[in-house]
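Residue numbers (the working numbering), protein chains in the order written: chain A, 1 to 315; chain B, 1 to 318.
Just so you know, these hints were derived from the structure itself, not from any lab.
Mixed in with the good hints, there may be bad ones.
[To be verified] Footprint (simulated), chain B over chain A, 3 or more residues, beta carbon under 8 Å: (1) 147 to 159; (2) 166 to 172; (3) 247 to 258; (4) 294 to 307.
[As the list claims (entries may be wrong)] Chain A side only, calculated, beta carbon under 8 Å to chain B, not exhaustive: (5) T272; (6) L276; (7) F277; (8) P280; (9) A283; (10) I290; (11) T291.
Cβ atoms here follow ideal geometry from the backbone N, Cα and C, with glycine treated the same way.
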Amino acid sequence: MERGVGDGPLAARHAVVPPPESSHLARPAVPLPRHRARLTAWRLVRRKPMGVVGGVIVCLLVVVAVFAGSIAQYDPYQVRALKRFQAPGTVFWFGTDDFGRDVFSRVVHGARISLEIGIAAVFVGTSMGALVGLISGYFGRRTDLVIQRIMDALMAFPTLVLALAVVAALGANLPNVIVAVALTLIPVANRVVRSVALSVRQTDYVTAARTLGGSEWRVLFVHVLPNCFAPYVVIATANLGTAILAEAALGFLGLGVPPPTPAWGSMLSGATQGYLFRAPWTAMYPGVAITLAVFGFNMLGDAIRDVLDPRLRGR
Amino acid sequence: MTRYLLRRLIATVPVLVGVSFIVFVIMRVAPGDVAQMLLSGESGSTASPQELHQLRQQLGLDRPYHVQYVAFLAGLVRLDPGKSLWTSEPIMVELGRRAPITLELALLAVVISWLIALPTGVLSAVFQDTWIDYVFRVVSVAGLALPAFWTGTLLVLLLAQRFHWMPPLGYVSPMHSPRLNILQFIWPALIIGYAAAAILSRITRSAVLEVLREDYVRTARAKGLRGSAVVSRHVLKNALAPVLTVSAVQMGNLLGGAVISETIFTLPGVGRFLVDAILHRDYPVVQTIVILFGVVVVVLNLVTDLLYAWLDPRARYA
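Construct the entire structure; sequences and hints are all you get.
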């Protein structure tokens, strides 16, 4: 199920309405007074409370990932043979794992790994899907036919199964996990951007640009591409949660970033397979972190989609 | 309807070819050398060139790509994907043993997802923007955010600590003991079913909201029908078509969920077979299962389209 901007009239609207920020007239001459800015923020909280919650979670996640070294109490790799399976307490806030490593420090550093993989995979997958969709929608005919049949086939695989196949073929390491997750994100981005490109190529200004002698590639990148930015942002934000979840699922199955790297999925996997009953906290905290991250990105993605696409509000 | 059926069937062929092509490209043409990976194993040690050459010959990897692809397709068409490199057993025999387990899990999960999604989605729409709507929407959003592998883990923990229940080690067939079988399947199915219900509930709510604003619903109300009768007789019938479509499309994701659930609850289904095959670098098994999942999804999409056309004749002429 595509969760982003759909086809048809919706895409057409994205295509024909010029982005307001491109106009000098759209910008206020003076900055908003402070009370107006506060009012706008309050309205946003009232209208999109879940989106704001999602935004706050995402901001916290980014802060934790960036300052992981300062926030974590200990080195996430430090093994303590005499401190194995310590319950959560004042010394080790989230307890310790089977190697005596501090779970809190590993969860904090895991945020960095998850975000790195999530952002890289979303950038690669969504950009590739968007580029192929742009070419497919703009050139149409045989190019479109061939590309869309490949996308149909790509969409036939359950997300996790496709990612597993890639990791099986390439091996489980950080770059390959990024490639595996990115591949699963291509079809949806492709479909959405293709629908925008399809409608933009029919517009008068594209015809005019062609008539003035602009080459196909110039028209494509100068006139059609900027219209795909809004749907790209919507899809990319919505995909971040999916990418983090897919990476964690691969890690859980023992096919993600290899140990001892503190990735949330693999932390959960170790706990489940060996010592779940003895030290449930080793599974509890990475799971909470994954859930919060996915929830935050999903909520933020929904809010951004609603703002850019008022037709879907409240649905 | 026959013309539509034929058109849909023909459209499925290129997708199936595409599915086989993608799996072939991923498994054979990708930069990682399968033979090298098989011989180096987990230790990462390098194999001698003779060993590599011998294994490539044995797996047919020394032939040109197009020859390999045709041989690969021929094997698929004959339903003979070969033998497992790990157990040396024919893959089809193993799949025949495991497929019913995954099928039972997926079907049970679909039933559970409908049992959760339909009432919550309809009530959410009927009581739009009330506390009922908010509660069900939060439950639905939670289902989207909660990873199945975490809820599954927590469920095992809860069942073990509170009820001293552990997942049985071996598979219990429904013929042998229906009660034990259901006890074994209900938990993993609940985990996948809840995740599926999260999306389905949103779709149901959306579809019901749309239909509730139709003129004929207003007419039904105006002629004095009770609210529940309007919903059950006039709204549900028309709102169910998109819900059915999404549910069928979700079956594909349920298969992905089965990989996780079968791993947590030690069910020897196709999903568990796939994970084991990847860990053992059993490439023929991996590519067969990945293709099988792809084909199942394509067939499900086809069946959904036909069902949709049967339910809504307008779709046949679209």
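Hints, verified against the model:
no. : hint       : in the structure
1   : 147 to 159 : holds (count 9)
2   : 166 to 172 : holds (count 6)
3   : 247 to 258 : holds (count 6)
4   : 294 to 307 : holds (count 4)
5   : T272       : holds, 5 Å
6   : L276       : holds, 6 Å
7   : F277       : holds, 6 Å
8   : P280       : holds, 6 Å
9   : A283       : holds, 5 Å
10  : I290       : holds, 5 Å
11  : T291       : holds, 5 Å
Checked against the numbered hints above, the structure breaks none of them.
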